[in-house]
Amino acid sequence: MSAFRKPGRGAVNTAVSVNFTFDGKKYTGVKGDTLASALIANGVHLMGRSFKYHRPRGPVGAGSEEPNALVVVDRGTGRESVNLRATSVEIFDGMVARSQNSFPNLKFDIGAFNNTFSLFFPAGFYNKTFMWPKSFWDKVYEPFIRNMAGLGPAPTAVDPDSYASSYGHCEVLIVGGGPAGIAAALQAAKSGERVILVDERVKIGGSLIDAPNCEIDGKPAADWLAAAVKTLGKAANVTVMNRTTAIGYYHDNFVALNQRLTDHIANPKDGAPREETHRIRAGKVILAQGAIERPLVFNGNDVPGVMLAGAGQTFLNRYGVAVGHEVAVFTSHDSAYQAAFDLADANIRIPVIIDVRDDIRADLRAEAERRGIDIAAGQVVSKTSGKLRITGLEIYDPQSGAKRTVKCDALLMSGGWTPSLHLWSHSKGGIKWDADMAAYVPDVANENAVCAGACNGDFGIAAALTGGNKAAGGRKSYSVTERDFGTGVTLDSLPNYIKDTKQKAFVDFQNDVTEKDIKLAVREGFKSIEHVKRYTTNGMATDQGKTSNLNALQIASKAVDKPVEKVGLTTFRPPYTPTTFAALIGHCEGKLFDVKRVTPIDPWARERGAVYEPVGNWMRARYFPQEGEDMHAAVRRECVATRESLGIFDASTLGKIEVVGPDAAKFMNLIYSNPWSSLKVGGCRYGLMLNEAGFIYDDGVVGRMAEDRFHVTTTTGGAPRVFRHMEDYLQTEFTDLDVWLTSATEQWSVIALNGPNARKLIEPFVDGIDLSPESFGHMQVRTGKICGVETRLFRVSFSGELGFEINVPSHFGRAVWETLFEAGQPYDITPYGTETMHVLRAEKGFIIVGQDTDGTVTPHDAGLSWAVSKKKKDFVGRRSLKRSDLVAQGRKQLVGLLPEDDSVLLEEGAQIVADPNQALPMTMLGHVTSSYYSDALGRPIAMALVADGFNLNDQTLYVPMPGKTHAVKVTGTAFYDPKGERLNVV
Amino acid sequence: MLFNQAIEIDESLNDDVMRLSLSGERVRYSLRLKPADVAAAKKSSGLKLPAKIGGTSIAAGQTILCLGPQEWLIVALPKSREKLAGTMAKLSADYICSAVEVSHRNLQFTVTGPGAARALNAACPLDLSVDAFPVGKGTRTIFEGAPIVLWRTAEHEFTVEVWRSFAPYLRDFLAKTAKDRHMA
Amino acid sequence: MMLIHCPYCEEKRPEIEFAYAGEAHIHRPVKDADDMTDEEWSHFMFLRDNKRGDHAERWWHANGCNMFFNAVRNTVTDKFLVTYKMGELPPKASASNAKLPAAKKTGGAK
Ligand SMILES: [Zn+2]
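Protein chains in written order, with our numbering: chain U, 1 to 986; chain H, 1 to 184; chain F, 1 to 110.
Note that these hints are calculated values from the structure, not bench results. There may be inaccurate statements among the hints.
[Said to hold, decoys possible] If you want the ones that stay clear, here's a sample from chain F, every Cβ over 10 Å from chain H, calculated:
{"hint": "1", "residue": "Glu11"}
{"hint": "2", "residue": "Pro14"}
{"hint": "3", "residue": "Glu17"}
{"hint": "4", "residue": "Glu39"}
{"hint": "5", "residue": "Trp41"}
{"hint": "6", "residue": "Ser42"}
{"hint": "7", "residue": "Arg48"}
{"hint": "8", "residue": "Pro90"}
[To be verified] To give an idea of the interface, some chain F residues facing chain H are shown, with a C-beta separation under 7 Å as derived from the structure:
{"hint": "9", "residue": "Cys9"}
{"hint": "10", "residue": "Phe18"}
{"hint": "11", "residue": "Tyr20"}
{"hint": "12", "residue": "His25"}
{"hint": "13", "residue": "Ile26"}
{"hint": "14", "residue": "Gly64"}
[Said to hold, decoys possible] Below are the EDC-like pairs computed for lysine to aspartate or glutamate, each with C-alpha atoms no more than 20 Å apart in a straight line:
{"hint": "15", "chain 1": "F", "residue 1": "Lys79", "chain 2": "F", "residue 2": "Asp35"}
{"hint": "16", "chain 1": "H", "residue 1": "Lys34", "chain 2": "U", "residue 2": "Glu727"}
{"hint": "17", "chain 1": "U", "residue 1": "Lys190", "chain 2": "H", "residue 2": "Asp131"}
Just so it is clear, CB atoms sit at the ideal spot from N, CA and C, and this is done for glycine as well.
For reference, chain U alone in the conformation it holds in the complex (with noise of 0.2 Å):
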């Protein structure tokens, strides 16, 4: 057993050692012990190292309001977890932690000449320092702020942990489980309804661990409290949540609590989930997040041994430790006295209270002499010594301007107490100025919330107990016995005789904030607190000024001459505590990521190795090579199959919206620019849709299926918008039409056959059409059967051959396909992608929307004047397409491009040029929007959207590119049969 470990005390369990190595050295703790307490217990306070000066520092705190001990705690490769507070990290055996932000080793620090060199660091150091010049940036300044105040190494390797997230939901939502957490959750659980009480620690008990002197209801608190959580753990409608962290809080008392699962286990179970998210919606919050204790601000408060009298009390009642052998105590409030007496009745020599205060209240003088501990009233610590650690402290009687010292190696600290409005601040309750306290206390709820115990400004395990019983709807009053929390003072600054410019009085310890940087920084100009906050960097750290944020504001505020009230708080965000992106993630990562749809057809093209593209959420086929072959390889075999023989082509991810109602017509007329009243049952038409604005916005081929009855259907990513544009119109401007929407994307599969062999192939598979051309012309549809399934049968062709695209219900798709593969051998049936769709509908002229066009191109840009209505008084975009932008000469529009180089493939995206030698910035005419080698073609052939092109047919322009600029003649886009006489094949 360590010296500093005291037998006995603490809610450890002595018996079970636990061996754990920090910065490669070999410690024991016990089961129970924090990162920090073992630390502490071993006489080892220096734990890491300051982000700016690399100052040595040790805990200053007992829970996750730790601003210094930041550590890493390695399980292995990805699983680097960086940024933890030694004091929240439960130890395991064989944990292999380390110290962050020191080089080489935590005890010699390079880094910490910037420490020596700190009068060149002040306020706002990096925004004056690293301006000019410009070119310094990258290769100077930024690798050295990396390099020097960097907090811990982020892992690079993928984390191999699983976690999990959840909604859940309850009636009572309890965040703290200190004693006015329990006493409301004990209320809450008689009404039945379900309550839900989350601890960030690894038990619920508070206050009542963390400073046990105290009896309830006539029972010593550990009893109370042991028969509590009996209580509650019997409940069935009660959760109770360890070990988990209320880190955000949202609208309609929506919380998101991260619960660690596995962090505090030597060895769990490969792929066991290590954090869970849970999304909790409460019909009412009880927040009782407890208060954190301040630290005061004089000269050197920042060496490993000083911290806060609460954190020494905890560590010495939860964990039975002793912070020192001689711990002496500085304060300005009076519950520091409760934490020297209880170090004292533990065999711990107190040398002195120094109090700022002259008058010190009867009983507290009466129970310190009785212990024999020396009190300094009206007295200050002006400063401290030791590097690593302290090893003493100068007090400086500021009446007499006396001066003596006392040797120490623990310091502890209280500058009295800050509700925590975190939560409360997240759910935007008001806060109010309570002036006695010096601290900012809940007003107004904006939620159904209400604060309970310390976070509302009422101390003390009663109060506490009191205000949880009555926050969860009780009357009941506790009797307890406890010592009186009492009360404390604020001071504007210590007094000190040193001058300031000597002093390094801390403010904010994770960003080394100091008292004059706050200062300076009102000096320089900045009155507001969020300008002062961003300037000095206070409460910016991980910690979110935790232990920093009043004393900086009240320093701030006497800068600025301003009541604290009238400077204001600056805003807390979530989350309350350091969080892992994964559980942020939560199951949505690998093929949860994103939903990734397939198609009916989908296995068989895997089966044959197709290579895909996302297309929207869907993944599609792009092409399918065979051995040996690249994509362009594959695309020009697949291509010259489709437009000699037979093609096959997976469509089944084009959008498709059943538009049924008697007036269907007139609502297609409203939504398409294309007329359709004239178009008979049986026959499809282009259907050109476009925005208010006039510009194109989908398009699709849409049968008629009945009088009353469209198949419309979509491009693969606009089909879920078009979905939508459809039903707002439908339902907020063309509400006097019985008509409506279907989704009937995924009850089809679509199976695209082209080529000159596309009739031959299903003839003796349909059943109830007339396939004769005759019968069936291009650009018709027929309802009968394929291979003894239902079938709506259209005859189209996107690729400018004999085409039919087979719609079958989904789950008929791929023996559909299958069937028809095996039947189309005889024909050469080549299997093809998307890729091999573009070049094929690129050599006759059609757009692909979102390709060719970008949002602000209207019909008659990309050519398609013919499928705007003349004569319909109404569709949408009609009146914008006669905006004068929009008829104006030289818009933007769709050409071809004949690169005069035949081996030339232009770059989709390349910019167009009329004059290669111009001087720069060059005039820009347009851009290449679809490029592609085509082998019908025997060339490249491209399509760019290019000002005035439709008059500058046959004219040259130039694309410059990497390497060259390739000279281009403009065309038509219509490169391939454009009589279409290929169609006609019988």
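Given the coordinates of chain U, assemble chains H and F with the ligand onto it according to the supplied hints.
Same frame as chain U, now just chains H and F with the ligand:
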């Protein structure tokens, strides 16, 4: 022709806490009516169309859910195919309405067991306690990335319908929750 | 994530089931559209109030009943004052929404 729903369910999704099973072939229609016609259409068709959004009528072989104002999803066993087609045809002839067959659009799963609600809540934001989502309630909602239709048939039994291509995502999501549960 | 009361479902549902659909009660000119100047047309097309305070807006219960509806939401507090069906006028439920945009009847529930 081979009817192929093309999805398999791993054994890990089958234990006492939660079991995911795929239903077989179903006949489905999306039916829309004008408000004024609902009463008469119900009577003439014999369809028990629930009046309120969220309502269901669950009978042997046929479930009808009211998903929106005068919007119903009818899910029936294949044996009712002809009869239901006839009913739809007659409704279409007699009333201004929309009946669209969507039999192959959806896949149907049942999620059963005491852990069913918790498993679904991994991705579904609704309160699935029996009080808030009682037996007989059905609704369109969201399952993280997948739109679903969800209804409760018993305290520990839900039916989920999902568009075909979203089914593997739903299955994989539930498999992940089952794996987490087995490992924890 | 907010809870939004859907006037069709008649219950509060989680925000992720919904999609925002822009300002409400914008009259889409049809008959007079051709007579409008481009300037006038641009007001319908592009100009919105972007109000600080009570804002009448449209939401779509996309993953629910599939209905578009109207709402008054305070853009400062981000709280919904009321939601109501398409075609209905915004209820003058409280003094705080007394200054709603001039309501035009632009849609009816089917
Ligand atoms: Zn709704």
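Okay, the hints, checked on the actual structure:
1. Glu11: At about 8 Å from chain H, Glu11/F fails to clear the 10 Å cut-off, so the statement is violated.
2. Pro14: 4 Å, violated
3. Glu17: Per Cβ check, Glu17/F is inside 10 Å of chain H; nearest 6 Å; violated.
4. Glu39: 39 Å, holds
5. Trp41: It holds; Trp41/F is separated from chain H by about 33 Å at its closest Cβ, greater than 10 Å.
6. Ser42: The assertion about Ser42/F holds, with a minimum of 35 Å to chain H.
7. Arg48: Fine: 28 Å to the nearest Cβ keeps Arg48/F off the interface.
8. Pro90: At about 20 Å from chain H, Pro90/F clears the 10 Å cut-off, so the statement holds.
9. Cys9: It holds, given that the least Cβ distance between Cys9/F and chain H is near 5 Å, below 7 Å.
10. Phe18: 10 Å, violated
11. Tyr20: Hint on Tyr20/F: violated, closest Cβ of chain H at ~16 Å, above 7 Å.
12. His25: Violated - the Cβ of His25/F stays beyond 7 Å from chain H, reaching only about 21 Å at its closest.
13. Ile26: 23 Å, violated
14. Gly64: 6 Å, holds
15. Lys79/F <-> Asp35/F: Status violated; Cα separation ~40 Å.
16. Lys34/H <-> Glu727/U: 16 Å, holds
17. Lys190/U <-> Asp131/H: 18 Å, holds
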